[in-house]
Amino acid sequence: MANVTLRNVRKTYPGGFEAIKGVDVDVGDGQFCVLVGPSGCGKSTLLRMVAGLETVTGGEIDIGGRIVNGIEPADRDIAMVFQNYALYPHMSVYNNMAYGLRNRGMAETEIRTRVDEAARILELTSMLERKPRQLSGGQRQRVAMGRAIVRQPKVFLFDEPLSNLDAKLRIAMRVEIRKLQRRLNTTSIYVTHDQLEAMTLADILVVMNGGQVEQVGNPLAIYERPATTFVASFIGAPPMNLMSTRPEEIRSQLAGSAAADAGILGIRPEDFVITDQTPAGGVALPLTVEAIERVGAETFVYGCREQEEQHVAATPGELPPGEIIVRIPGTDAPAIGAKIRVAAVRNKLHLFSGDGRKRLEA
Amino acid sequence: MQKQAIFQSKLLPYALVAPQLAIVLIFFYWPALQAVIQSFLLQDAFGLSTTFVWFENYVELFSDPAYFEAILRTFFFSFAIAVSSLSFALLLAVMADKPLRGVMLYRTLLIWPYAVAPPVVGVLWIFMLHPSLGVLSRYLRGLGIDWNPLLDGDQAAALIILAAAWKQISYNFLFFLAGLQSIPRSVLEAAAIDGARPMRRFWTVTFPLLSPTIFFLLVVNIVYAFFDTFGIIDTMTRGGPGKSTETLVYKVYSDGLLGGNLGSSAAQSVVLMVMVIVLTGIQFRFVERKVTY
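Sequence order for the protein chains is A and B. Sequential numbering of the first sequence, starting at 1, is according to the UniProt record's numbering. Sequential numbering of the second sequence, starting at 1, is according to the UniProt record's numbering.
Hints in this document: simulated from the structure, not taken from any laboratory. Cβ atoms here follow ideal geometry from the backbone N, Cα and C, with glycine treated the same way. Do not rely on the hints blindly, as some may be mistaken.
[Claimed, not checked] Simulated restraints, written as ranges between beta carbons of each label pair: (1) Glu110(A) x Gly281(B): 23 to 33 Å; (2) Gln152(A) x Asp228(B): 54 to 64 Å; (3) Gln83(A) x Tyr114(B): 30 to 40 Å; (4) Gly137(A) x Val103(B): 27 to 37 Å; (5) Val103(B) x Asp62(A): 33 to 43 Å; (6) Gly281(B) x Arg120(A): 20 to 30 Å; (7) Phe202(B) x Gly28(A): 52 to 62 Å; (8) Lys98(B) x Glu129(A): 29 to 39 Å; (9) Gln83(A) x Phe202(B): 18 to 28 Å; (10) Pro113(B) x Ala237(A): 52 to 62 Å; (11) Ile71(B) x Gly137(A): 49 to 59 Å.
Bound conformation, chain B alone (with noise of 0.2 Å):
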């Protein structure tokens, strides 16, 4: 088979890839030029005029405190999402790895979630833990726990928390099952020989030998935790109560669209934007290559 294609006129293949070529300038290199573009202009509060502002956006992004405390919150969201929602994956796939009966009608039950929208998965979690509504909430009460996310910001935050690592579990039991499968039983075995009992089996064997997939999912998750989870955060609180669960991303988001600060909006935009080229980066240079042990 050849493997270099021959193409009879010049032109068709450059016809058969304009299509993806202009999705990806248009949906993707055009808002982000845009964005670049709105960074440096400022609009008066009636957008009448725009003036050419230079860094000012970026000066002004970078002074105000607010700004580092969206930073701060995001990096703990994403902290918090990403290591229960792996851990508890990780506890399911080691549960699921076991040869028992009825394995694939669970192993296919547990990556369901996966196929929910975030919006969606908001709106599940609304409905078990609003505060008037929530199935959940009354039990919670019953508890003597004061529930009330829609006051409380630390109740908010775990709220959103706990819908954003569910989502994500399915997607990280997906890739943990399958590390822990490609694993030879033999070197269980091996282990199991050496005198190692299961719980020593699994930190001194599996575990380890599952750190490239760990890897891997660490950076998926921190960029889901990022990005994704604005359907989620929409849904559940709008960033509220104050501005306690406000990611970066939702802060784009408010400032932008519902506060009418464009500027200050693209130069977030703009940040955010290097942030996934760094988290690409890493993930392509230290992923893909894989980890070595």
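Just chain A, with the same shape it has in the complex (with noise of 0.2 Å):
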């Protein structure tokens, strides 16, 4: 049971690479918190300082109220699931979850218990006496798992733990995940690429890009006001259209109120009305479109804009320009090349400074 608190941490290489560059986050007891941005936008490195796997050359990380900087990862009472397992490949499945508890002195009935225990929980009793080598990815994963939890550790920390799984495992595991930290009530940081993961898993979402923290807080705050351009393009899948609001079919139409100084808009996909209406204070775009997405649930719909001219700054996960992805439920859908208006009201429309790095409220 512990908090987890960064305070300003930095991590510069000898070279003079700046990989984090000031990052505060304030993990609640017993909270699990995600961070999440594409590649090497220093979230690894970030979860890995915390472990004491790399050395901090800034600021303060605190756990449980024990600044941890300068201690050996073996005194700061946390567990990690690496994102290749690290299991020990020349030791059963019962030794690799008992090593831990072996180097720290635990009486080999204890052990027992505690390692049967976890693997009941984890159903793996059954392997005890195998080899990694002789495991699936899912049960492997589970050994990985399953080591971190038999040391009742303060913390849990998970470096990308699902990515080695396959699509369906990946949604089993991350719920498996999720109820297991629910029942412990351990605090834990994960790390992760996937923003889907991000959202189903985090009390608190810590959005990272370029060594630095975009935006934290509940993800479907994040979701519903994101801070930056970033977190609007990266979080929602697919990505919310960020248009420019240079045009003067769009400027027009924000005219009159404190958005008319954005410069640039965004709306998700979901939140465009296929109609030939203008809601009021809404914005509406003809599109011709493009290409039809049919999922079953929910239709895609790719359009084109016909006058667009600036790009807005380049994001992960951006459209090309002056395209637009429409999210229709059901099948029904136009056809292609049609000539379609969509719109949005008023209180959907996400408005951002010009660089993309603050948002506006209309």
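Could you fit the two chains together into a complex? Lean on the hints.
Structure follows, in structure tokens:
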């Protein structure tokens, strides 16, 4: 049971490269914190700093009221699940889980109790004598989880633990991890690049980009009110439609409000409606349908605006300039090549400063 | 791409492998066959007549206590050379595996001794430890040690083991370093988080994961100590003093070429050949398949 607090944490490599540029995060006791961001954003480095596998070159890391900057990984009372599981290949499943307990001089009977309990929870009881190479990916993953939970640490750290599993297993394990964490009520920090995993697991979501935190908060709050265009396009799939407010077509519709200062307008695909009307204060756009994707419960309509000229700042998951995605329920969709008109109401508009770094309230 | 080469002429492929075959036949099979034949023959003291004696050379060999002493001595040498060379090389490899400044430079320097030929190794160590010429001998005597490997058989043996082990360290170092680098970092990090201190981490994770490398090197080192130490022994002690540094291979040479007992020497060669075959068999059977953990 512990809080984890990062205060202005920095990491500069000897070559001068700044991997983490001052991060402040506060994870409450028993909370599930997810660090999400594109590859190279520093999220794994940050996690490894919390684990003690990377040195901290600035700021403080506080676990359960104790500054752990100079403390060995072994003494931080944390457990970590690695992306490649990092099981000890020469040890049986039982010994993999017992290793950390033996190193701490625990009595063999207590070790057996704990390992058996963990094996029962993770359905590994019949595999305790096997070696890791005799297990499937999902089973190895569970052993890695078991190795973490037998220790009963203050904090669990997860470094993209599901990225080596196939899609179906990934969803199943995601649910398992969440259930297990709720049940054990252990503070957890989880790193992923998958925004869906991040949304579904997190109590607190930390969106990172380029070694900095873009936004921290409740996942739904972040989804509904992204602080920057980076967050807007990274969280949510398909990504938010972002467009410059420069063209007359859009500027005229936004005129007469605070929104007039905005440089970038964002609208989520599901907030568009195909309609001939323009809602008061809202935005309507004429589109030419270019492609249709039917996935059963919903349909994605890819349309092209006629007069896009300004390219919005490049961000991951961004659409080609002038392209708009509209998400509509069901399978009824306009034909390819059709001219349609889509509109979004006022309170569904996201407005950002011209550089995309600041959200503006309408 | 075609896997099988197509030749226009039927003779060309044979012509292409002929040089290699000729080398193997002339320099390996021919002498081996000669040794086997010779081991069944007995020459008189002046080399004037040769008699076919069946297994008499072998019977004589295996009833000679000196031969068993040589076998024991060779095993002891092999064991001592392999263990000291392997453990020291492992220590160096663990040190060199750490991310330190100039790591490439001293990794390269540690590999150099491998390029030194065995007789040169012998000469090097003699210059350092010869009782009257050696630079280090003075200090040893200064420490009150009566250092004279030319007279003291145990000291001579120690000298041979030292030189032979030193020569092999580079080779072992290279394999250990590669072995260490193939251990996933995350496994060691997991062990660190699991509360294993560096020493414990080494013995419970690194060492077991290196076991395939260790086993492979053990076989290679034993073969080396058996056969490739000839040059070192010949330059340093010539098997002496007495017979205290005479290994099986050196005995083949001294009995046959120096002692003129070609029949016995040939029989010893055949025994050694059998040993090589067994060792190679072990290597193929276990090492190629890899030690499982």
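Evaluation of the provided hints:
1. Glu110(A) x Gly281(B): 23 to 33 Å: violated (48 Å)
2. Gln152(A) x Asp228(B): 54 to 64 Å: holds (55 Å)
3. Gln83(A) x Tyr114(B): 30 to 40 Å: For Gln83(A) and Tyr114(B) the Cβ distance comes to about 38 Å; the hint holds.
4. Gly137(A) x Val103(B): 27 to 37 Å: holds (35 Å)
5. Val103(B) x Asp62(A): 33 to 43 Å: holds (35 Å)
6. Gly281(B) x Arg120(A): 20 to 30 Å: Given a distance of about 47 Å, which is not inside 20 to 30 Å, the answer is violated.
7. Phe202(B) x Gly28(A): 52 to 62 Å: Violated, since Phe202(B) and Gly28(A) (Cβ atoms, about 39 Å apart) do not stay within the stated range.
8. Lys98(B) x Glu129(A): 29 to 39 Å: Since the Cβ atoms of Lys98(B) and Glu129(A) sit about 35 Å apart, the hinted range of 29 to 39 Å holds.
9. Gln83(A) x Phe202(B): 18 to 28 Å: holds (24 Å)
10. Pro113(B) x Ala237(A): 52 to 62 Å: With Cβ atoms ~59 Å apart, the hint holds.
11. Ile71(B) x Gly137(A): 49 to 59 Å: holds (52 Å)
The structure shown violates the earlier hints numbered 1, 6, 7.
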